[in-house]
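**Student:** So you can see what is in the structure, the chains are spelled out below.
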Amino acid sequence: MKERPSVGGRVLTILTFVFLYAPIIVLIVFSFNSSNSRTVWSGFTLDWYGELFEDSLIMSSLSTTFSVSIISALVATVAGTAAAIGFFNMKKRTRAPLLAINNIPMINADIITGVSMCLLFVAAFGFLGNFTGWLNRVFGFNLPTRFTQGFGTLLIAHITFNIPYVILSVMPKLQQMDRNLVDAAMDLGCSPLSAIWKVVIPDIMPGIINGAIIAFTMSIDDFVISFFTAGSNSQTLAMAIYTMTKKRVTPKINAISTLLFLTVLILLIVVNIRSSRQEKKLQESMKIKKSFVR
Amino acid sequence: MKAKAFAYPYIFWMALFVVAPILIIVVYAFTSSTGSLTLDNFTSMGGSYLTVFGRSFLLAFIATAICLLIGYPVAHALAKEKSRLQGMIVMIIMLPMWMNFLLRTYSWMSILENTGLLNRFFAAIGLFDLINAISGFINNTFGTHLSTDLEYFEMINTQGAVVLGMVYNYLPFMILPIYSVILKIDSSYLEAARDLGAPPRTVFRKVVFPLSLSGVLSGITMVFVPAVSTFVISDLLGGAKIMLLGNLIQMQFLGGTYNPHLGSAIALVMMIVVIICMTIMNKFGAEEEQAVMF
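Just so you know, the protein sequences line up as chains A and B, in that order.
Just so we're aligned: 247 in our numbering is position 247 of the first sequence, and the numbers increase by one with no gaps anywhere.
Just so we're aligned: 1152 in our numbering is position 152 of the second sequence, and the numbers increase by one with no gaps anywhere.
FYI, nobody ran anything at the bench for these hints, they're computed from the structure.
One or more of the hints may lead you astray.
Simulated crosslink set (EDC-like; lysine to aspartate or glutamate; CA at most 16 Å straight-line) [what the hints assert, rightly or not]:
(1) B:Lys1241 <-> B:Glu1154
(2) B:Lys1082 <-> A:Glu279
(3) B:Lys1002 <-> A:Asp183
(4) B:Lys1241 <-> B:Asp1040
(5) B:Lys1206 <-> B:Asp1195
(6) B:Lys1080 <-> B:Glu1191
Not close to chain A: a few residues of chain B, all C-beta gaps over 12 Å, as computed [to be verified]:
(7) Gly1046
(8) Ser1048
(9) Asn1139
(10) Thr1148
(11) Met1243
Cβ atoms here follow ideal geometry from the backbone N, Cα and C, with glycine treated the same way.
Starting from the given sequences, assemble the full structure and let the hints guide the process.
**Tutor:** So, in structure tokens, the structure goes:
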């Protein structure tokens, strides 16, 4: 697509971005408001940012959010990459139905994923409780018989909905890869495993990193699935915010969101500048190669 | 090569955490709380439940249509921007997702409330005075009884606010797939069409739009599914007044009316209706694409 966009298209685009960013700007502005009103401006303050770090509820839910997102993104990246390599080496007939099942958590409504996993955990814990109860009776163990949803179930749910995104992002890289590379490595004495480790993994790395970023983003942004699988003991930031919207959201939440938002913004800008520099280098080296070929 | 064994752990994981939960939903939907087989969960879904079904699908349909009407031209215009800007564009569309979606929706509350930012803005520019003056003038001239004490527009807790929330939250999911598909269209197709004498409108209708249809279809899915199943947006922007399917399901699992059997039945029906809609749409889409190929 090489044409220039029309004026009408540009205006609509700008209006759309205004629409997308207006509520965010409102949020950020009111994180500096000296009263706790969310519609009346009463003066500039940084107090909410100071008080933020003393609020144990926000801090603990923030740490839950980050631990679950980081752990689930890491696990999902490793598991998803392994699964993608596995799927890729299967016959199409076995692969197609498996990929269809893999797509279910992405296509299905979040609420159904959340609710169905909640039912699974309740059923599994009931079963487990009966089993440990039986063990206690027969062997005189002293195992717990009541299990509730918590960080563990939250983590399982996040890993489950993250893996498909990693596979989705790794699979195309595998398809683009030159299969002769693996054969060449094995001809030169690599075992299949070290061929994967030394040739395939470096080749599909951009896809893996991309998958990890998507998984982390999905995890951070998720509310619905966490809501149904976290139980009452652990709470993510999104869940804490949901509870607050029932009463009153403190500007401290605006402050923490502003901080998160700015962190991501800066990270993205840095990544963007670096990748555009790399692209330039790549283009230059391509030019050099071309001149050699000539 | 034994590389396919890499997928086995994940296949086991999928069986446990993707397939089993959905089977449990089916089992719950067809059983009563005593465990006996029954169809009561489905037959009890008449009357007010049907209204909720109808409203959910209608509002989600309207939101999807608006997203498409805005998203397509925006994606089309963005794809034509200079390639230097392309990386940044994706970033700008994705960035709002990093501000928790509950908060962004909550921020719309501050904007749309009766004493919210938008109504304050309208009052400040004298819009309400103007309308009241006009109504007063009409009353005096024609002897009608229009109200002349308008102080705010009622925007929050309406169906319109819920649709706005849906459009706001899911618009990026419409723009991104369409954008990435249009970006990949080979510009030589467009040149060929132009060389063969097609005016710009025909180029769009016969080349660009058909080739971007796969993006449109995945955009529609990515907007419609979360919109039809949301409970947060209706909760925050619709008040308690506008009940959607998501609210209905959520109430059966975590709300006051605890009945996971009925909740599973509603979830199952919703899932099946969505699958039917998507299948019909994809069939229609696939035919269109084939028609273009020949």
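**Student:** The structure should be examined with respect to each hint, and the outcome stated for every one.
**Tutor:** Hints, one by one, checked against the model:
1. B:Lys1241 <-> B:Glu1154: The hint holds at about 14 Å.
2. B:Lys1082 <-> A:Glu279: holds, 15 Å
3. B:Lys1002 <-> A:Asp183: With Cα atoms ~14 Å apart, B:Lys1002 and A:Asp183 stay inside 16 Å; holds.
4. B:Lys1241 <-> B:Asp1040: violated, 27 Å
5. B:Lys1206 <-> B:Asp1195: Cα-Cα ~14 Å, so holds.
6. B:Lys1080 <-> B:Glu1191: This hinted pair holds, its Cα atoms lying about 15 Å apart.
7. Gly1046: holds, 22 Å
8. Ser1048: Label holds. Min Cβ-Cβ 19 Å, cutoff 12 Å.
9. Asn1139: The assertion about B:Asn1139 holds, with a minimum of 32 Å to chain A.
10. Thr1148: The claim stands: B:Thr1148 keeps its Cβ more than 12 Å from every Cβ of chain A (closest is about 25 Å).
11. Met1243: B:Met1243 is indeed farther than 12 Å from all Cβ atoms of chain A, at 14 Å.
The structure is inconsistent with hint 4 alone, although it conforms to all the rest.
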